[in-house]
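Q: Below are the chains, spelled out letter by letter.
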Amino acid sequence: MTLLENKPADIPAPREITTKPRVSDKIFRGVVTAGGLSSLVILGFILIFLAYQGYDVLKAQGFGFITGSAWNVFTDESGNIDYTQTKFGIAAMLIGTILCATIAVVIAVPISVLTALYLSFYAPATVKKFMIAIIDLMAAFPSVLFGIWGFFVLMPSAEYWAKLLHKYLGFLPFFDMQVPVYTRSPFIAGVVLAIMIIPIVTSISREIFGQTPLDRIQAAYALGATRWSMIKAVVIPYGRSGVVGGAMLGLGRAMGETVAVYTVLNIVYQINWQVLLGAGGNVASMILLKFGEAGTGEIKALMAAGLVLFLLTLVVNSIADLIVKSTGAKGR
Amino acid sequence: MDKTATKPSSLSDVAAAKQKKSPGAQSLGVGLEARGVHAWFSGKHVLDGISLDFWSGTVTALIGPSGCGKSTFIRTLNRMHEFIPGAQMAGEVLLDGKDIYESGTDVTKIRLKVGMVFQKPNPFPSMSIAENVLSGLKLAELKVADKDALLEDCLERAGLWSEVKDRLNAHGGSLSGGQQQRLCIARSLAVKPQVLLMDEPCSALDPGSTLKIEETISHLSSSMTIIIVTHNMQQAARVSDYTAFFLSDGGPGSMIEVGPTSEIFSRPRDTRTENYVTGRFG
Chain U
1 MTLLENKPAD IPAPREITTK PRVSDKIFRG VVTAGGLSSL VILGFILIFL
51 AYQGYDVLKA QGFGFITGSA WNVFTDESGN IDYTQTKFGI AAMLIGTILC
101 ATIAVVIAVP ISVLTALYLS FYAPATVKKF MIAIIDLMAA FPSVLFGIWG
151 FFVLMPSAEY WAKLLHKYLG FLPFFDMQVP VYTRSPFIAG VVLAIMIIPI
201 VTSISREIFG QTPLDRIQAA YALGATRWSM IKAVVIPYGR SGVVGGAMLG
251 LGRAMGETVA VYTVLNIVYQ INWQVLLGAG GNVASMILLK FGEAGTGEIK
301 ALMAAGLVLF LLTLVVNSIA DLIVKSTGAK GR
Chain Y
1 MDKTATKPSS LSDVAAAKQK KSPGAQSLGV GLEARGVHAW FSGKHVLDGI
51 SLDFWSGTVT ALIGPSGCGK STFIRTLNRM HEFIPGAQMA GEVLLDGKDI
101 YESGTDVTKI RLKVGMVFQK PNPFPSMSIA ENVLSGLKLA ELKVADKDAL
151 LEDCLERAGL WSEVKDRLNA HGGSLSGGQQ QRLCIARSLA VKPQVLLMDE
201 PCSALDPGST LKIEETISHL SSSMTIIIVT HNMQQAARVS DYTAFFLSDG
251 GPGSMIEVGP TSEIFSRPRD TRTENYVTGR FG
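In order, the protein sequence lines correspond to chains U and Y.
All letters in the first sequence, in the order written, are residues 1 to 332 by this note's numbering.
All letters in the second sequence, in the order written, are residues 1 to 282 by this note's numbering.
Looking at chain Y on its own, in the form it has when it is part of the complex (with noise of 0.2 Å):
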């Protein structure tokens, strides 16, 4: 009993420390808005009309169960979603105000402006550290006057540079989970992404990466959107800014509840939430 009672007093104390961003307060730009996003796998609905917006500058952590659906919700927000056969999707997810999914939008330019790092670390196998980091140039057929800048810049910026900056030509692979991950991250700074979403980063990896990687978010969300998909309460209690709190009742996954985290963690309006971040399930 007194176990679960002080575990989110101390983590809402972490979270009130963060707490100092309000709504808007920040604002680099108009930021990310999800209007009543549904979303279906072969027919089977799976997300249940989630609303939410993303203010530039502040980093929102989506916690939930296993299949509640978040992993989903942020596939939607960069259209990676349609690459699942059988995927569809409903609402609308606005970035500066105009629909992602309009026809007519060069899917690319938006998956350039949200950038994307995944649960399992995949750098490319075939490139150096420094081709991996600045793949998305190539890629996206992008050009920039110097390179060697930019690519200290990611690695810099990802917490990654001091690490490997005198092997930058050996491969990628030849990294550690946790470093493969941060190269991950740079890779997708290089293309100077407006959001950045995080899908579990820090899943595959063991405790000292995955402190390095909550750092990294720290020092990035001064810069960007974060939205980032944790297991994890007490990282997204030390991270993030926002909270939301996904649910499945064995149906499609709906948002519960979300606000300021430290206002999750501590006085949840929703007693499934509270049951949640105090362990009692999930």
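So here's chain U without its partners, still in its complex pose (with noise of 0.2 Å):
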């Protein structure tokens, strides 16, 4: 009765909820989060010194620093750029930098995907610890060593078969060539890239399909499924957003790589998509070559290099996300 006649008119606000947090808390949540924004700190620190040391080269070039592809560099008599006759473009090296991390891509992702499955699912416990030891160790290898690796022992066997992919796949126009020069070329750059990335790529792999829940698993083998066609149809699917997330990854690798690429590539001023010919170049290694005899002028020219790598590959990572969010819901 008494409940009844107390009942309130109208409908209370919502409350508003609140805690007292502790202070270990507080200095704990304080300590977290400013190691959290370090790292975005200091990105945002290194995108700032580009983009301004890259400033005025940019502005005198506009949009034809990423769209030509001659660096000519003149200087006044006191050593200033002379920006009436100076060009810098570096299409040739960003065409460069695509092509050979996608030639890299295209190869790894499979060896990769491969390596994964069978380390997942078919190796034996003991070739298993032995193998993911050997592949973390890769994945620490200095690249410089992968570069003069490429260079001595790959580039003679590769050269062979890039010349196969001519003989029999030259009327695709990026194996097509002119000019019989097979060695020093983005295909070889591409393959000791390749060499790089599958550690992480195959690392990524074998951690995702690793986690494919056991339920979904033992009812495909329910079903009288062969260790094959349990993993088409259970492991893929799952595995398939982490897949395209490492491979992003390995992407992201090999278009920042600088010191393999130098060692092997040829690196020459034009836009050259053909594969097998031994001609390119790539942004990072192309700052390395200039680095060493550059003036002031040309440095700031670098570092706007620097900087529309950096964007691309900005770019590139925010494609990889957006193409592990739509696939990934399916198949979870």
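What the hints contain is simulated information worked out from the structure, not anything from laboratory work.
For clarity, every value in this text was computed on a predicted model and none was experimentally measured.
If a hint is listed, it holds; no wrong ones were tucked in.
Computed cross-link-like contacts, DSS-like style, restricted to lysine-lysine with a CA-CA straight-line distance of at most 30 Å: (1) Y/K165 - U/K232; (2) Y/K120 - U/K325; (3) Y/K109 - U/K128; (4) Y/K192 - U/K232; (5) Y/K212 - Y/K113; (6) Y/K165 - Y/K212; (7) Y/K113 - Y/K147; (8) Y/K147 - U/K232; (9) U/K129 - Y/K44.
Mind docking these for me? Both chains are given alone in their own frames, and the hints should help you get the complex.
A: This is the structure in structure tokens:
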């Protein structure tokens, strides 16, 4: 009875729910936040530095900086850049960057996925342990050694494969070539990059395959699945987005790789879509090539090139993120 | 006192009503036989010499407290046991008189004949309802002339057809838990197993869904052998023809008693069985 009588006439406003955190929690929160933000801040500073240094060049060259492919430096008597004649354009290097990295991903992803499937579902425990250790070691291997190995060991045999590709797939425009110069081509650089990114793509794929829910694997086996049909029906749909993510990380690494490409590739300032032809370059290796002998004005141009590479990587990673998100929902 | 006295008798009435089959009366074949099955996990002995025959066309319920080895036992019956690292077994499991553990046996063929439904509904989330039902054909690389007829037949027998016939292309995950479990049953039926193992198929479901699944089991039992692990004794009494009681006294689990369900629930020979079915422990 009293309950009915005391019933409020109108609905109350929702209450604000708060809690008083303890001091220790506040301190920890501060430490974690600082750690989390520091990487963002460092990245931001690098971006600002590159933009600040490259601003003059980008302003003078305009859009031509990424569409032109000439790099001619003219200076006046006092050593300043003469912008009326100087041409800074990195189109050839940008194309080389994308070309080499794409070749690397095309070669590395199938190998990595197969390796990851073998390690997750076929390898005996001892082999698995051993191979994981080797692959992790490969990820930590200095890139200059990959470059030297690529130059001295891989090149002679890769030249042979390149000739085969040209002979049998020469009707495809990018396998076609007019000048038979097969050494130091984007193809060979791509193969070296592929070997470099295999560990990271393999590790990520293996990690995601290993997380496949056991109940789905068992459901497939209980229906009389063979191991391969189980993998096709359960593991691949589950791991697809993770593999794409891993491939994109590999692509990012391949685009930014400097020393290995510098060692292997014949850096030539011309736009080259023919992957078997010994000419090309990528932005990072060009920066390395020019950096030693560049004057202050040219260094600014190199900073601008660095900025463009930075943004390109950012764009590729954002696209990758979109792909992962759109393919991720299915199969989970 | 009154409560414990009336409960088993009412259960036994239900069980007695079901008790129309006698061993071998409705034999559709030789069936499945376990002979002295032992099991170990990483050297720990968990199952002690289980010998049990499953007659074709009957439902056998395995009951007992948690950790007594019921689930381990049914997993030895279609060789799912060996998936757990460190799992070992001894003894024989005969399907139509042939040992399924014999060397040179194609294990995928065994699992086609002895299907399994798991505790938690586990439809493949990347597949539609129809694809889920027919997934076994793809997985086991089987060919079927009329897929649509098979799809309808399996969903019908699993009691799901009327609920999903208008949305066969929807995702399996869009169904309720009980519907998902019946989808999993339909999926196992598509490869036409002789035996269906059910590992607590209703433990994650609400009473309404449980009832539907029990009806499904009753329908299916005319055409196949069903072995069901359950913690729900009323369920065992409702759906099964035979009941086996498993118990572990801290060591490996063993089978205390097996018999027609009505007898296990009304006149158990062993006092431990009686204590369990009357709800004094477990």
